[in-house]
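Go ahead and model the full structure; you've got the sequences and the hints to work with.
Chain by chain, the residues:
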Amino acid sequence: MSDFNLYSRGDKIFGYANMFLIALFVLSTLYPFIYIAAASISSGFAVSSGQVVFFPKDITFAAYDKVLSDVVFWKSYANTFFYTIFGTLVSLAIIIPGSYALSRPQLIGRRYFNFFIAFTMWFNAGMIPFFLNLRDLDLLDSRFGILIAFACTAFNIILLRNFFEAIPKSFEEAARMDGAGDFSLLWKVFIPLSKPAIVTVALFCIVARWNGYFWAMILLREEDKIPLQVYLKRIIIEANMDDEFASTLLSSSYSFETIVAAIIVVSIIPVLLVYPYLQKHFNKGIMMGGVKE
Amino acid sequence: MINKILPSTAIALALAATSGASVAAGDDDKYKVTDKPLELSIHMHFRNKYAWDENWPVAEEYEKYTGVRLKGVASKIGTNSQELFNLMLVSGNLPDIVGGNSLKDSFIQYGMEGAFLPLNDMIDTYAPNIKAYFEKNPDIKKAITAPDGNIYHMAYFPDGQAARAYYIRQDWLSKLGLEQPETVDELYEVLKAFRDRDPNGNGKQDEVPAFFRHWEEMIRMVTLWDARTTGTDSYHQFYIEGHDKVKHGYVDETYRTGIRNLAKWYKEGLIDKEVFTRGSKAREYLLGNNLGGMTHDWFASTAGYNDSLKETIPGFDWIPMAPPASPSGVRMEENGRTTVKPDGWALTYSNKDPIASIKYMDFIFTEKGRNIANFGVEGVHWNMVDGKPTYTQEVLTDSQPVNSQMWSIGAQIPIGFRQDYNYEWQWTNEIAAKGIELYTDNNYIIEQFNGVSMTVAERLVYDKYWPGILTYMLEAQQRWILGSADVDEEWDNYIARIKKLGYDKVLKAYQSAYDRQYK
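Quick note, the sequences are listed as chains A and B, same order. Counting the first sequence from 1 gives a position; our numbering is that position plus 52. Counting the second sequence from 1 gives a position; our numbering is that position plus 98.
Worth flagging that the hints you see were computed from the coordinates, not collected in a lab. In this text the structure is predicted, and so the values were computed from the model without any measurement. Any given hint could be a false lead.
[To be verified] A short, non-exhaustive set of chain A residues, derived as facing chain B with CB atoms under 7 Å:
id	residue
1	Ser100
2	Ser101
3	Gly102
4	Leu186
5	Arg187
6	Lys221
7	Arg273
8	Glu275
9	Leu284
10	Arg286
11	Ile289
Each residue gets a CB set at the ideal place from its N, CA and C atoms; glycine is no exception.
Following this line, the structure appears as structure tokens:
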């Protein structure tokens with residue numbers, strides 16, 4: 053050890069305790085991943101009899117064979133990509149101009165619009181009126197319905213609006229001097245300046261779309277249109293239909309549980325790939341959106 | 099994968115397309131219910147997964163004979179049948195027919211409000227087969243009758259009696275030189291031997307003498323002391339004492355005795371210490387690891403472990419045993435199959451052609467229709483052998499269990515039909531079959547109660563008081579079993595508290611519903 057030790061003993065202990073706690077935290081979030089991954093390549097019996105704890109047992113890829121050879125799986129996987137990509141684009145196309153307009157003091161009735169949008173964060177009509185509304189708009193069982201009906205959330209609009217409001221006035225004044233209208237002002241000044249916030253909003257949309265289950269289940273009727281989450285839920289229901297006759301599955305190398313595990317593994321891979329790249333913006337975006345000058 | 103259409107289904111579809119023309123005209127017309135082809139809509143979503151599909155081989159077979167095509171309008175991808183039923187109702191566009199599982203209360207409630215048609219007169223006039231069935235089984239007719247005296251739905255009538263049974267490790271008994279327990283006291287000794295004498299031979303006292311997937315099945319062991327836990331095929335329901343008196347098992351003196359003994363067994367380690375938390379994996383885990391000694395569970399699936407474990411556990415022999423006799427000498431199996439399920443289908447008020455619809459329902463009560471509803475398409479899934487519908491080898495040897503094959507072609511689904519136990523018997527595991535014979539031949543299985551339909555007033559009382567009472571009962575139950583309180587010390591307070599919570603009012607409402615319906 054050198055004589056120029058920057059850290060006192062207390063500092064060191066604090067550091068180790070920190071590391072220990074963080075390691076615990078990491079373990080507790082990592083373990084479910086490990087377990088699911090291990091379960092997906094173990095035999096059905098090993099999983100249901102509780103022999104898989106950390107490492108896979110009786111390694112077999114039968115569950116993946118089953119999942120990957122199912123046409124419906126691939127269709128629903130493709131649908132989830134469709135809903136996620138286009139859903140996010142539609143959301144941004146609505147949220148960005150909407151937030152921009154709401155952030156401009158010259159908008160007539162701005163307070164009222166803001167109030168009515170914020171109002172929906174606390175109060176909503178409930179499931180059945182919403183369903184009836186969509187039915188009357190003829191949006192049942194349609195991909196377009198899924199894209200448009202859930203494109204916009206009040207929280208995202210307000211987040212972005214606050215961010216836009218925080219951009220100093222002088223930017224706008226300068227741009228207007230140069231002859232920019234509202235459209236080029238938004239496109240050339242506000243959007244480039246608010247990238248972190250927009251990425252954050254996009255990330256919220258992506259996550260919501262990727263996980264979207266309930267309304268897709270209620271609104272869609274045809275197998276061709278279902279997202280992965282609905283497909284997964286069907287498999288899980290099948291797994292729970294147990295009772296009288298389920299035991300025949302014991303003898304095969306896969307079980308509903310290993311199939312569910314395999315589907316989960318396959319379905320989180322894209323999220324695992326994309327998340328790290330977006331996350332750095334995510335942190336910044338949240339903080340900047342929250343502060344107002 | 100799981101949802102994929104079975105190979106046999108594909109064949110059936112091909113055959114159904116061609117065979118329509120080849121049926122002799124006379125036979126074909128006998129069951130026709132309309133002159134010209136008719137299409138009706140049906141919302142039928144059941145078991146949170148399946149939706150009526152007019153392309154099911156069975157649906158096409160019905161269509162071939164009756165001339166009526168039922169077009170499914172329920173979402174094929176839904177995963178919550180009740181939710182879809184509610185949404186269908188509120189959306190206002192009712193289809194011609196509505197069906198599904200666990201809808202009896204809805205059929206009756208909304209039927210009395212006018213959403214569904216009363217069927218009584220139509221059955222008398224247009225449905226001779228249903229009528230004949232009701233005449234032979236008046237209690238079944240009573241069971242589906244609404245408080246206003248009308249019938250609003252045709253229910254699913256299961257067949258067969260046996261449901262769950264006591265299973266025991268016969269190879270452990272032999273190894274320890276013991277006999278199958280004939281009485282509850284002998285059972286106690288056997289379980290103690292399982293605990294102490296290392297029947298799995300690993301040198302450790304790790305055996306779990308009695309285990310259960312559902313802790314309610316452990317509570318059900320109070321029947322070994324003549325108590326009751328339920329009257330129907332669901333847990334914690336009222337039962338009928340004698341022939342006319344509604345009672346609940348959890349206030350009986352015998353129940354107190356039963357719980358006292360179970361608490362003792364639990365404390366001594368004869369009952370799985372994790373019985374309340376282990377859940378549905380209990381069988382796989384405890385049998386698979388050669389730890390479990392006895393249980394109370396479904397005949398068919400429990401017997402299946404003999405096949406799946408015969409290689410991993412040498413000598414594994416896991417068989418149903420007769421219910422041990424209670425101290426008063428009664429052998430009772432409380433759990434059996436009900437004769438009426440709360441499932442079925444009903445005609446909506448906006449039905450285009452109620453007469454054709456009821457005739458269609460009646461077709462399913464003819465022998466021809468009943469065979470289709472039970473076994474699928476003749477010549478594809480089954481053939482007549484010695485006057486009995488018998489499954490083809492392909493069906494019996496497919497890697498999917500027969501029942502799930504049947505569901506995927508539209509047979510054995512919760513429409514209004516009479517189940518034929520023969521459907522299940524053909525593929526019942528030999529060990530289970532022997533046990534079922536043991537149970538039915540000796541009449542161990544007590545008669546199941548089909549429940550009541552309440553008027554609005556009765557229902558209000560029931561809904562107001564019963565949930566609170568039941569919660570309290572179950573809390574006390576768990577406390578006593580786990581040993582945190584003593585049943586004998588608490589019993590008087592317990593009964594007083596239940597009365598205070600309104601037990602007598604609930605009982606009165608239930609009794610009045612029962613009297614109206616069954617007396």
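Status of the hints after comparison with the structure:
no.	hint	result
1	Ser100	holds, 4 Å
2	Ser101	holds, 4 Å
3	Gly102	holds, 5 Å
4	Leu186	violated, 10 Å
5	Arg187	holds, 6 Å
6	Lys221	violated, 50 Å
7	Arg273	holds, 4 Å
8	Glu275	holds, 6 Å
9	Leu284	violated, 10 Å
10	Arg286	holds, 6 Å
11	Ile289	holds, 5 Å
When held up to the earlier numbered hints, the structure conflicts with 4, 6 and 9 and fits the remainder.
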